[in-house]
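Protein chains in written order, with this note's numbering: chain A, 1 to 680; chain B, 1 to 199.
Do not rely on the hints blindly, as some may be mistaken.
[Said to hold, decoys possible] List of simulated lysine to aspartate or glutamate pairs, EDC-like, C-alpha gap at most 16 Å:
#, chain 1, residue 1, chain 2, residue 2
1, B, Lys20, A, Asp580
2, B, Lys162, A, Asp93
3, B, Lys16, A, Glu486
4, B, Lys56, B, Glu114
[Claimed, not checked] Using C-beta positions, here's what the derived DEER-type ranges look like:
#, chain 1, residue 1, chain 2, residue 2, range
5, A, Lys453, B, Ser146, 15 to 21 Å
6, A, Gly269, B, Ala65, 32 to 38 Å
7, A, Arg7, B, Gly122, 24 to 30 Å
8, B, Lys56, A, Ile490, 41 to 47 Å
9, B, Thr76, A, Ala624, 24 to 30 Å
Please keep in mind that the hints were generated in silico from the structure rather than gathered at the bench.
Quick caveat: nothing in here was measured; it's all calculated off a predicted structure.
Beta carbons: idealized from backbone N, C-alpha and C, even for Gly.
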Amino acid sequence: MDIIFGRLTIDSLPFYSLIAASGAGVTVLGALSVVAVITYFGAWRLVLFDWISSIDHKKIGIMYIMVALVMLMRGFIDAAMMRSQQAIAFNSDGYLPPSHFDQIFTSHGTIMIFFMAMPFLSGLINLIMPQQIGSRDVAFPFMNAISLWLTTAGAGLVLVSLVIGKFSTAGWTGYPPYSGSEFTPGVGVDYWLWAVLISGIGSTMTGINFLVTIIKCRAPGMTMFRLPLFTWTVFVTAILMVFAFPSLTVACGMLVLDRTVGMHFFTNGMGGNMMNYINLFWLWGHPEVYILILPAFGVFSEVVAVFSQKRLFGYISLVLATMAIGFLSFTVWLHHFFTMGSSARVNSFFGTMTTIIAVPTGVKVFDWLFTMYRGRIIFKPPMLFTLGFLVTFTIGGLSGVLLAMPPVDYLMHNTTFLVAHFHNVIIPGVLFGYIAGYMFWFPKAFGFKLNEKWGTWSFWCWIIGFYLAFMPLYVLGFLGMPRRMEHYDIAAWQPHLIVAAIGAFIIFLGIVCMAVQLVVSIRDRNEALDLTGDPWNGRSLEWATSSPTAAYNFAVLPQVQSIDAWWDMKQRGVAYKRPDAYEDITLPKNTFISAVIGGAGFVFGFAMIWYIWWLAILCLAVIAGAVIVRASDDDSDYVIPASEVKAIEDARFAQLAKAPKNEMADDPGFAGQPVAEGSA
Amino acid sequence: MTATAWTNVSPRDAEKYEEKEFGFWLYLMSDAIIFSLLFATYLIMVGNAAGGPTGKELFSLERAAGETALLLFSSTTFGLAAVALSSAERSKVLLWLAITFALGAGFIFLEIGEFRGMIAEGAGPDRSGFLSSFFTLVGTHGLHVSVGLLWIAVMIGQVLFKGLTAPVASRLMRLGLFWHFLDIIWVVIFSVVYLPGLL
Chain A
1 MDIIFGRLTI
11 DSLPFYSLIA
21 ASGAGVTVLG
31 ALSVVAVITY
41 FGAWRLVLFD
51 WISSIDHKKI
61 GIMYIMVALV
71 MLMRGFIDAA
81 MMRSQQAIAF
91 NSDGYLPPSH
101 FDQIFTSHGT
111 IMIFFMAMPF
121 LSGLINLIMP
131 QQIGSRDVAF
141 PFMNAISLWL
151 TTAGAGLVLV
161 SLVIGKFSTA
171 GWTGYPPYSG
181 SEFTPGVGVD
191 YWLWAVLISG
201 IGSTMTGINF
211 LVTIIKCRAP
221 GMTMFRLPLF
231 TWTVFVTAIL
241 MVFAFPSLTV
251 ACGMLVLDRT
261 VGMHFFTNGM
271 GGNMMNYINL
281 FWLWGHPEVY
291 ILILPAFGVF
301 SEVVAVFSQK
311 RLFGYISLVL
321 ATMAIGFLSF
331 TVWLHHFFTM
341 GSSARVNSFF
351 GTMTTIIAVP
361 TGVKVFDWLF
371 TMYRGRIIFK
381 PPMLFTLGFL
391 VTFTIGGLSG
401 VLLAMPPVDY
411 LMHNTTFLVA
421 HFHNVIIPGV
431 LFGYIAGYMF
441 WFPKAFGFKL
451 NEKWGTWSFW
461 CWIIGFYLAF
471 MPLYVLGFLG
481 MPRRMEHYDI
491 AAWQPHLIVA
501 AIGAFIIFLG
511 IVCMAVQLVV
521 SIRDRNEALD
531 LTGDPWNGRS
541 LEWATSSPTA
551 AYNFAVLPQV
561 QSIDAWWDMK
571 QRGVAYKRPD
581 AYEDITLPKN
591 TFISAVIGGA
601 GFVFGFAMIW
611 YIWWLAILCL
621 AVIAGAVIVR
631 ASDDDSDYVI
641 PASEVKAIED
651 ARFAQLAKAP
661 KNEMADDPGF
671 AGQPVAEGSA
Chain B
1 MTATAWTNVS
11 PRDAEKYEEK
21 EFGFWLYLMS
31 DAIIFSLLFA
41 TYLIMVGNAA
51 GGPTGKELFS
61 LERAAGETAL
71 LLFSSTTFGL
81 AAVALSSAER
91 SKVLLWLAIT
101 FALGAGFIFL
111 EIGEFRGMIA
121 EGAGPDRSGF
131 LSSFFTLVGT
141 HGLHVSVGLL
151 WIAVMIGQVL
161 FKGLTAPVAS
171 RLMRLGLFWH
181 FLDIIWVVIF
191 SVVYLPGLL
């Protein structure tokens, strides 16, 4: 092996296949066009000094969501390729060779979980949670930026695998022994492993950060049982991140050791134990499902209350249900492999636990329904996604309860029934939640609302497309079709697969509508300006700040007296009260060190994948040096003087005076008054 | 805490240090999970020697006892550094940190010697599942100790050049948590890996 380039050779470029080469071409062109656009607008200074070096939680949140949306495109393209291949591959090879098809289903799952959903949720939380608890930032802003750049580094590795080398063919779970070097040499599995490991370290730090923020940085009076429900779900999600991600790190770290230095953790022989991988992986993997979905539940809880103009029904029961889900999520992991030889007794324990975890989720569904009951429901896009979620997610949950029975699982496992089930919970449950959150909080981030017409169109495309794409997969599961088939010879399957492909195309239209919505909204932004910072007549503290939020969030920390703190302040008439005086505000300075650490993390991963040892050592040295430099800097804050705070706030109050009446406050209805505390 | 230069901090800074310490505890908890999974893996693979050498043939009680002594003493000396810190005696802090570093380096020296000896005998981590899990568990701990040594070196530099300022003191407290945590992990390694392997 070459000492300079490791196993990297010119043959790693994808000129062996037209489809692979065009995928690489799109990736390279995409990167070049981003560079070209930034250069065209002369925005390098802005990008570098206002964004990449920023450790402001709101900007970090926006950057996370940008990563998520880019990766959503990439993950969706994978999905569309699979659907079109399966629609035509009856008694034919279709257009994708098996090894390429395998890479696509692997990268689809990997991207959607690790590099679409994780950054999306981290982005929404970063943007909103500190504002909801009345804080000026997260507890560790610098570490927050490192998390962002490590996640981006992982996403970058997945994208680079399109251009240099190949991606894994082992599925997004990477089961050994197939993913071991004996059966899958080459760089594919290593790309997967390092992308997951590097972003996983970022996620662990994110969890620690959110947890400390919620426990230590709440505004005066913001007791735990006055937290908005979104923040409660973030709290439980953060606990799951801190406790579950180490398991993924251990599983993937061991697989790296097996592949790179020839250890025998999971090999077939020499004392390896491949079941251990599967246990470790799902010990993370099942809590991960709830890491993804709990913040989405939080979004739905906020949206349903605001767009029903009513206090959330059963606040305490929602909090308790969230905690119960968090706890139970560690007791069900074995249901991912009922068929792998555990005794009937073990299987029935985990089957029972799996059924039980549906109970708190059911409690939540009823709470949301009762919140709408006798409320004044306003059908704006975030609410539409919430309603779509309630109906669709319940169907997905029910098919999950079916699969929780080990005897049923023996029949259905590894069929498209399973694929239909988890998409049926994850698309309405997780993705609809994030999209609702994106449309709900967009004005908070940018100061203008998203176009409602295109948002509504997007919703209808998503939900119709979803049913067309996934209901046939339930049927196909009953017809015995295994998942991940590159081609097949059973005629009865094809019509269903064609319908599913049409569904995927309609989902594609939903994504197009979202893109059009963004463009149209930016073009017409002056007609949808949010001058008050409270465009939806909201209930929690993030609506107390200006839109877009000032760097310090709150000029004066709010005094909280109740659940739905902002609504309560509006009721008491203290919402827009000018403070007597302002104080100096201390905030962290921008720094490039976090981006340097993320960049070095990316190159380190690349070096480990290609066995370029000198480069890997160099990157570790750079990371260590960067951390030491930062740890020796005792002057990392700057002060906004009170006079500057006053100038910013004066401008805000001038703008408030000009703002028209809130369109949602005009809606008639008797439900606008909150129920007295304790009676819900 | 006694009234010294570095305890005279603003409420905002005091809050920040408290947040950092709490965050560090959370990090230690997630690290503890990594170790507990490595222990669990070791325990299920300890019998998977694949016809190769077992712990009884490989481990040396003398060496393991020596490693244990070094690390336990280093925890004591770090404790003395913390005592010196609380009375703001800079030269004593430096002295005890230097001794802690030397003891920790001695531990790493012994461990590297053990690993080299095993690999030379053909009992490297690629020999069997048992040895993979042994090297990974003990090696992960050793890697942590090495990072701790680097951290001690950096802190010696900070105490020298910055003095016992509030941020330096707060970093030393977290380093202390880390160092004692590694000591506890080692005690478990000694009781779960070496003692049952030899007895």
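Against the structure, the hints come out as follows:
Between lysine 20 of chain B and aspartate 580 of chain A the CA atoms are separated by roughly 33 Å; this puts the pair beyond 16 Å, and the hint is violated. For the hint pairing lysine 162 of chain B with aspartate 93 of chain A, the CA-to-CA distance comes to about 69 Å; that exceeds 16 Å, so the pair is violated. Distance check on the hinted pair: lysine 16 of chain B and glutamate 486 of chain A sit about 55 Å apart at the alpha-carbon level, beyond 16 Å; violated. The straight-line distance between the Cα atoms of lysine 56 of chain B and glutamate 114 of chain B is roughly 14 Å, inside the 16 Å bound, and the hint therefore holds.
The hinted range of 15 to 21 Å is not satisfied by lysine 453 of chain A and serine 146 of chain B, whose Cβ atoms lie roughly 60 Å apart. At roughly 35 Å, the beta carbons of glycine 269 of chain A and alanine 65 of chain B sit within the given window of 32 to 38 Å. For the pair arginine 7 of chain A and glycine 122 of chain B, the beta carbons lie near 27 Å from each other, so the given range of 24 to 30 Å is met. At about 57 Å, the beta-carbon gap between lysine 56 of chain B and isoleucine 490 of chain A misses the expected band of 41 to 47 Å.
For the pair threonine 76 of chain B and alanine 624 of chain A, the beta carbons lie near 28 Å from each other, so the given range of 24 to 30 Å is met.
Going down the numbered hints, you'll see the structure goes against 1, 2, 3, 5, 8, while the others check out.
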